[in-house]
Each structure stands twice: as structure tokens, then as C-alpha cells.
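These protein sequences, in sequence, are chains A and B.
Residues in the first sequence are numbered from 1 upward in steps of one, following the working numbering.
Residues in the second sequence are numbered from 1 upward in steps of one, following the working numbering.
Treat the hints with care, since some could be wrong.
A few chain B residues facing chain A, derived, Cβ under 10 Å [as the list claims (entries may be wrong)]:
no. : residue
1   : Glu-40
2   : Val-48
3   : Thr-55
4   : Arg-59
5   : Asn-72
The calculated SDA-like cross-link candidates involving lysine to any residue, where the alpha carbons are at most 20 Å apart (straight line), are [what the hints assert, rightly or not]:
no. : chain 1 : residue 1 : chain 2 : residue 2
6   : B       : Lys-27    : A       : Glu-164
7   : B       : Lys-27    : A       : Ala-123
8   : B       : Lys-93    : B       : Arg-66
9   : B       : Lys-27    : A       : Gly-128
10  : B       : Lys-27    : A       : Thr-131
Please keep in mind that the hints were generated in silico from the structure rather than gathered at the bench.
Positions of the beta carbon are idealized from the N, C-alpha and C atoms, including for glycine.
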Amino acid sequence: MAGWLGSGKTTLIIALSKGLSQKGVKVAILVNEIGAIPVDGRVIQDYGLTVKDIGGGCICCQLAGSMMRTLRLLREGPNPDFVILEPTGIAVPHAIKEMLISAAPSGEITLGPTIVLFDTTRATKLLGYETLQRVVTTQLRDADIIALSKSDAVEEEALAGTAESVRVINPRAQIIRLSVTNGDGMAALTRVVEDMTVTV
Amino acid sequence: MDGAELRRFAEALMSSISTSAVKRGAKVIGHIKAYIEHQEGFLHAHTVGEAGDITVDGREGGPVGRFRLVVNSIIFGLTVEAVKEATDEAIRKTSTLFGLVLEPTSLSRE
Chain A
1 MAGWLGSGKT
11 TLIIALSKGL
21 SQKGVKVAIL
31 VNEIGAIPVD
41 GRVIQDYGLT
51 VKDIGGGCIC
61 CQLAGSMMRT
71 LRLLREGPNP
81 DFVILEPTGI
91 AVPHAIKEML
101 ISAAPSGEIT
111 LGPTIVLFDT
121 TRATKLLGYE
131 TLQRVVTTQL
141 RDADIIALSK
151 SDAVEEEALA
161 GTAESVRVIN
171 PRAQIIRLSV
181 TNGDGMAALT
191 RVVEDMTVTV
Chain B
1 MDGAELRRFA
11 EALMSSISTS
21 AVKRGAKVIG
31 HIKAYIEHQE
41 GFLHAHTVGE
51 AGDITVDGRE
61 GGPVGRFRLV
71 VNSIIFGLTV
81 EAVKEATDEA
91 IRKTSTLFGL
101 VLEPTSLSRE
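If we strip away everything but chain A, and leave its shape as in the complex, we get (with noise of 0.2 Å):
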């Protein structure tokens, strides 16, 4: 589940798994943040799910052997049947994607869809600033799914735009309008997360 910073992956992440929790699908969720001390490992905890903060630099490129400790360490304890992935804001998918693959014997995880959040609020800013659009390019072409997320802050015309210039940018990808707040897409992405996956 990546996105850029702010694109409210904890807050998706909180809904989706709870969502998923009352299926009796049991949900853990990895988190990797920047910063010494996580902030969102223990958001999730709060709301009564299970987290694994994996902290000390990127998953994607440094802690490749940590995060594989840390998924077995979850499949011999809770066991679950998911595991979402919550990288850091400026990570890319395909990276941790392939380290996963390159980390992992055949066959022990089967990938489940790279659900990417784009944030339509400041659609402009990320597509427009230098800074920010390699990055978030990259996040967007890397995706199954992306999700236009914040939808109910921004006016229909300009979510409509914002759709067009996200499939400009990945043809492939499926993309769903998403709210939290008013639960817009939830259950679309529920459904393509219980029914993607791919072992590899």
C-alpha cells in the first residue's frame, strides 16, 4: 500500500484491515516509516490490529533481511492471511516488490495487488513540482490500483481530471475513487484485495 506522504495510507490501511477483521479474515500490517520513533505503527496498534513497525532506514533498499524476519516471525506467531505492506511515503513499489521476490524462496509469499493512493487534493502539486513528480510517477506506474483518494474534498470536474492524468501515466492500472470519510471505494477495494494475488 504505497503513496506519497499524506496520502492517507495509515488511514486506508485502518479501515481495509478492520473491514477485513470483521470477514474473520485475520489482517497484520508492516509498516516502515522514516523517523526514529514510528508514529503510524503505533496509530494502528491503537485501533486494536496487528503492526510490525520496521524501522532504521527503507525497506526497499536496506532492510531487506529484516523485513523477511519479521514476515516469518508473523506467519509462526498470528499467522495471518493477509499482511499489508505500509512503506514509507517516498518509496517505490517495484523495488520492494523485487526484493521481496529476490528475498523469499519461490513460492513462500504470494503478492497481493500494489495499491497506490494518490492524493486528488494536491493532485496539481504532486504531478507539477519537480520535487515530488519523479516519485510520484514512478509510485503510479508501479500500481494494480490506484486509489484517487480524498475524493470527497475535491469538486467532480476536478476528480475527473485528475483520474484522466493518473491513466495518462498507467493505462494498466485500476483506478478507484476512495474516501474514508464517506467510505467511497471501500468496498471495491476490499473485493480486488481478497481476490488478487499472485505466488511467486
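Chain A is already provided as a structure; the job is to place chain B on it using the hints.
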């Protein structure tokens, strides 16, 4: 301090860090997050620096006499030292505004 005031403190802190960083020349507010924990509950606040986008959630509980605050500021266009200064300045100013006494325990910065 009651729960509502704690929320107002969290909101004011997010705004103050953002302002303090911009004043120092920040190009982009990446994400500013705070986590407040105390015996009665917890609050988390965050902002990406846009007008009106500060979010505060959690369970503030009853009156709070003491709490632990963790702040994580990700800001582009400033040195690590400047981000630290902006964050520290905002914490000091906002705490004073709300009549709080700071007890620094451990400060870790990256």
C-alpha cells in the same frame, strides 16, 4: 487539560510546525505527524501543510495532567538541523501558549 483542549493543542502544534518550517524556507511540507499518549487514551495529528488539512483523531479520554508527545516532521528544502529547529521552536511556542511545561526525555533526530 481536558480532551478538547488537548485536541486543540495537537492542531495548533501541526499548524505551528508547518508555519515555522515555511518561514525557514521549506519548499514542501512532506508530512508532519504527532502522536500523543497518556493514561486516558491517545491522539494522533497530521498535516501536509495545505490550508485546512490538519487532522486529529484518537481517543482523548478525560482530563490529562501529563502526556508523551512524539513528533515526526518530514520536510523538503531544509537541512536536518533546520527541520529540528523548526519543530523544536513550534513545540516550545505551542506548549507555552497552552500553559504546558516541557520535560524533554529523549530526542532522536534523523
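A quick look at each hint next to the structure:
no.: 1; hint: Glu-40; in the structure: 13 Å, violated
no.: 2; hint: Val-48; in the structure: 4 Å, holds
no.: 3; hint: Thr-55; in the structure: 8 Å, holds
no.: 4; hint: Arg-59; in the structure: 8 Å, holds
no.: 5; hint: Asn-72; in the structure: 4 Å, holds
no.: 6; hint: B:Lys-27 x A:Glu-164; in the structure: 27 Å, violated
no.: 7; hint: B:Lys-27 x A:Ala-123; in the structure: 16 Å, holds
no.: 8; hint: B:Lys-93 x B:Arg-66; in the structure: 18 Å, holds
no.: 9; hint: B:Lys-27 x A:Gly-128; in the structure: 13 Å, holds
no.: 10; hint: B:Lys-27 x A:Thr-131; in the structure: 9 Å, holds
Checked against the numbered hints above, the structure violates hints 1, 6; every other hint is satisfied.
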